[in-house]
Structures are given as structure tokens and as C-alpha cells.
Amino acid sequence: MTVISPGPLSTVQDLGRPGFGYLGVGRSGAADRRSLRLANHIVGNDKSAAAIEMTLGRLRARFERDAVLALSGAPCEFRIDGAPGRMNTATKLLAGQELRVGAPSTGLRTYLAVQGGIDVPPVLGSRATDTLAHLGPQKLSAGMVLPLGLATGPTSEVDPPADLEAEPVLTVIAGPRDDWFTPGALLTLCAATWSVTVDADRIGVRLAGPVLSRSRTAELPSEPMVTGAVQVPPSGQPIIFLADHPVTGGYPVVAVITGADTDLAGQLRPGQHLRFRLSPGDSGDALDLRGP
Amino acid sequence: MAGMARELRLRRVGDGGLLVELDSLEQVIGLTRALADARPGGVIDVIPAARTLLVRFEPEEVSRTMVGQWLSTASRQDADDDRVSDTVEVPVRYDGADLAEVARLTGLTAPQVVGLHSGAIYTVAFCGFSPGFAYLSGSPAALRVPRRSSPRTKVPAGAVALAGEFTGVYPRESPGGWQLIGHTDLVTFDLEKNPPALLTPGTLVRFIEATG
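Going down the list, the sequences are from chains A and B. Following this note's numbering, the numbering of the first sequence begins with 1 at its first residue and continues without gaps. Following this note's numbering, the numbering of the second sequence begins with 1 at its first residue and continues without gaps.
Errors might be hidden in some of the hints.
Stated by the list, open to error - Beta-carbon label-pair distances, calculated as ranges:
(1) B:P175 / A:S235: 13 to 23 Å
(2) A:P280 / B:G107: 57 to 67 Å
(3) A:D201 / B:G119: 37 to 47 Å
(4) A:A218 / B:A142: 45 to 55 Å
(5) A:A260 / B:A142: 19 to 29 Å
What the hints assert, rightly or not - Calculated cross-link-like contacts (lysine-lysine; reagent style DSSO-like; alpha-carbon spacing at most 27 Å):
(6) A:K92 / B:K154
(7) A:K47 / A:K92
(8) B:K193 / A:K139
(9) A:K139 / A:K47
To be clear, the hints were calculated from the coordinates, so they are not data collected in a lab. Beta carbons are placed, not taken as given, at the ideal position from N, Cα and C, and that holds for glycine.
Work the whole structure out from these sequences, hints included.
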């Protein structure tokens with residue numbers, strides 16, 4: 001397939017390169033793994049196949065051979081040589097046809113899976129573009145030709161996934177450094193409505209809201225970070241780490257979004273609001289909100 | 001291992017992580033080594049840092065309790081001090097832009113800085129900052145200098161640098177705030193190699209002064 005126009009940001013992503021954190025290499029991969037998996041499933045790809053992650057849509061591409069594609073994630077209108085297509089549906093194209101994707105109505109990231117997968121050479125076992133570490137393929141640019149792999153499995157029909165919520169509630173588990181904050185900070189985190197600032201990329205999403213105050217002002221020796229970590233720099237305004245987060249960080253993490261909800265964090269768009277809630281049954285390690 | 005706390009201090013990191021808090025870099029290195037051999041299935045990553053070590057795991061495949069027990073057992077093992085570890089030798093030309101400043105900060109002459117830096121044996125404590133960037137512990141106390149007050153936007157690949165209790169080699173051009181004392185032509189991160197990083201946690205390292 002040939003990229004005519006990449007839109008604001010399109011990258012190749014798969015499930016990332018786990019297991020290299022000890023070498024300072026992060027996992028990277030799709031910011032919304034569930035939507036990537038769904039798109040791959042629909043076109044019959046292996047779950048590890050690489051697809052294209054569009055940020056705010058608007059990719060235009062021409063297919064040089066017959067292909068089957070599916071779009072999942074942030075809902076976009078799209079057309080194939082002018083004919084409208086449907087999200088989450090296996091869609092055939094003929095050689096020479098052009099795909100034109102609009103901007104998503106909600107959410108941020110839309111996944112384009114093509115039967116056979118995007119077959120660029122893997123780096124450390126993954127085709128993901130790590131925008132922080134500069135590993136993996138270059139981000140898509142006009143004129144770039146992406147090789148497609150051979151079709152593997154049959155296509156699938158799926159029930160459309162639930163719509164993205166306008167004001168999602170992300171479940172967090174307290175810690176590891178909730179005790180570095182004033183006792184009310186975790187409650188504030190979970191009571192406030194936060195807004196997503198424009199400072200939002202594959203590395204992290206900076207939020208705006210009430211200040212989360214620290215009780216310990218000592219410098220935290222750099223410690224390992226994870227996707228979904230809610231890190232609080234000195235400003236008191238939290239940052240949610242996404243797929244390309246740094247492997248280590250020097251600011252305390254007040255709470256971590258559960259694995260199931262980190263995909264929702266990957267769909268947060270600037271200007272949107274969100275809330276957090278503490279995972280049911282989570283007593284935290286250092287702060288028991290359930291009382292004695 | 002020496003000085004290892006009897007009860008491990010563990011902190012939850014979401015639903016797929018456990019963070020071990022330790023008292024010193026030496027304990028981090030010791031536990032990293034003790035965990036190197038047998039990993040339970042479902043453990044994805046063991047990531048050491050300055051005073052902590054993170055285990056990432058798939059909660060569907062292995063329970064937090066099991067990971068905790070594995071960590072606890074490993075922490076009670078005696079350090080395998082006899083383990084033979086090859087020492088990686090890093091040839092360095094000590095011509096870094098901050099060598100004079102490091103001499104001023106430490107009250108030493110530049111040749112004394114070079115002599116101390118190349119006279120020590122270091123251990124890779126952990127990697128971070130960028131792929132293959134190894135934090136080497138074992139700096140002589142006399143060489144402990146602060147980071148530069150103003151970081152450089154571009155530090156060249158191969159730069160050998162100092163800051164605080166660490167020394168290291170920048171694997172490729174990047175921003176950086178450490179004091180540059182020299183450079184090496186040795187490639188420390190190569191995607192064609194397995195593992196791609198030359199300086200992996202636990203590796204012993206010596207710097208050799210290169211001349212000419």
C-alpha cells in the first residue's frame with residue numbers, strides 16, 4: 001500500500017516489544033490494544049500482526065493489490081474510491097483503489113488492519129514505532145510504500161464494540177507511591193473531573209485539574225514506570241503514561257490504571273473530561289480507604 | 001546477600017506489576033542477579049532501577065502472590081559472588097568537554113580524574129533513559145560530581161560521562177545532562193545483536209585509556 005497522506009500522525013503498531021525493559025527499551029505498541037486486536041481479528045490476522053494507528057484519522061492510501069481491511073477504535077467515516085465503508089467490518093478493496101479516512105467523531109486513535117498485516121521488518125521482535133526511543137519503522141509519510149503480508153485466516157463478523165464514553169471513568173489501583181502524597185490526594189484524584197490538555201501523545205497524557213499535593217518532598221530515585229501509571233510531577237498535575245512512556249521516571253506514581261482500562265486512556269483526546277475510580281477491593285498498600 | 005532486608009518491601013504497580021524497594025544499589029544488583037536464573041511463566045520483565053526493581057507480569061498467567069514468593073525466595077539466596085562474569089573493556093579517549101570542569105569540581109587534576117575513572121571496576125546497575133544506556137555503579141567517591149546545571153541538547157554517541165554515583169556511555173546521540181569526560185568508539189547498542197545492549201545489568205565494566 002502507498003501512503004498518499006498520513007494525516008496528523010500515523011504509525012505502524014502491533015502489540016509491542018515486551019521483555020526488553022531491563023535494557024532501557026520500552027514495550028511501545030498500540031495505545032489502544034483492544035481496538036488493534038479487534039481490527040486484526042476481523043480481517044483474520046494473527047493477534048501479533050502489525051496495523052496502522054492513526055491519531056485523529058485522515059489517512060489516505062492507495063492499495064497496489066486487492067486487499068481486505070478493517071477499521072476499529074475511534075469511529076471515523078471512511079470511503080473507498082468514494083463509497084462509504086463501515087467501522088469494524090471486513091471491507092474488500094481492489095488493486096488501485098484509494099482509502100480515504102475522515103477525522104474521528106469521538107476518541108483519538110483508529111486502527112487500520114489489512115489482511116496479512118503490515119509486513120515491515122521487525123525490530124527486537126516487533127514492528128511497533130516507539131516515538132520516544134526512536135525504534136521501529138518511521139512514522140508514515142506521503143509516498144511511503146508499506147509491504148503487506150500474506151493473508152492468514154478467514155475474516156470475522158463482530159458485534160460493534162461499545163461506544164467510547166464522552167466522560168470515561170478509568171479504574172486505578174493505588175500506589176506504588178500514594179504514600180508520598182497528602183492523605184487526601186488519592187481521594188481528590190478519584191473525586192475530581194479532569195480535563196485532557198493538548199499535551200497528549202503516545203508517551204503520555206497531561207491532565208488539568210486540582211493539584212495533587214505531596215507529603216514527601218524528597219527526590220525519588222528513578223524507578224521503573226508502566227503503561228497506565230499516573231505520575232505526578234512537581235506541578236501536581238498528573239500525567240498518564242501511554243505505550244511509549246520512558247522506562248524509568250523520577251516522579252512518584254500515585255496510582256496505576258488497570259490493564260483493562262489503559263486502552264481507554266489511549267483514546268483520550270485533548271479537551272475531553274475524565275474521572276478515576278479506585279478499583280473495588282483495592283485497599284492500597286499504604287493507604288486503606290475502607291477503614292479498619 | 002549482604003545487607004538484604006529479611007522482609008521484602010513490595011508495592012503494587014497496577015494489576016500486573018510488583019515493585020521491590022531496596023536500600024542500596026548493591027541490593028538492587030544482588031537481587032537482579034538472583035532473579036536471573038529461573039523465571040515463573042507469566043513474568044514479562046524484570047527491570048532494576050536505582051533503589052527499586054519492578055517485576056511486570058501477566059495477571060491471567062501468574063498471581064501476584066506467586067511473584068511475591070519468587071521475589072522473596074530470591075532475596076534470601078546468598079549472593080553468588082563466585083559467578084564468573086566477563087569484564088567488558090571500554091577503550092576511552094579522555095577528551096570530554098567537561099573534563100576540566102570535573103577536575104575543578106573534584107579538586108583533582110585532569111590526569112588524576114582519568115586515573116581514578118579508568119582504575120575502577122564498575123557494575124551495570126540498570127539501564128534506562130534511552131535504549132542501552134547503562135548506569136554503571138562503582139564510581140570512586142572522589143569522582144562524584146553533580147549533573148550539569150544546564151543539560152546539553154545534543155550529546156554525541158559514545159560520550160563517556162559522570163553524574164552522582166554513576167558513570168555511563170551514551171549509546172547514541174541524545175540530549176543529556178551528565179558531565180562528559182571522554183568518548184569511546186565501542187558500539188554499546190546494536191539492534192543486530194542479541195541482546196542489543198552490550199552493557200546489561202550485572203555486567204562488569206572497565207574503562208581503558210586509549211591513546212593516539
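How the hints compare with the structure:
1. B:P175 / A:S235: 13 to 23 Å: Because 21 Å falls inside the window, the suggested range holds.
2. A:P280 / B:G107: 57 to 67 Å: holds, 59 Å
3. A:D201 / B:G119: 37 to 47 Å: holds, 44 Å
4. A:A218 / B:A142: 45 to 55 Å: violated, 26 Å
5. A:A260 / B:A142: 19 to 29 Å: At 51 Å between Cβs, range violated.
6. A:K92 / B:K154: violated, 47 Å
7. A:K47 / A:K92: Distance ~20 Å between K47 of chain A and K92 of chain A Cα, so the pair holds.
8. B:K193 / A:K139: holds, 24 Å
9. A:K139 / A:K47: With a Cα-Cα distance of about 21 Å, the restraint between K139 of chain A and K47 of chain A holds, given a limit of 27 Å.
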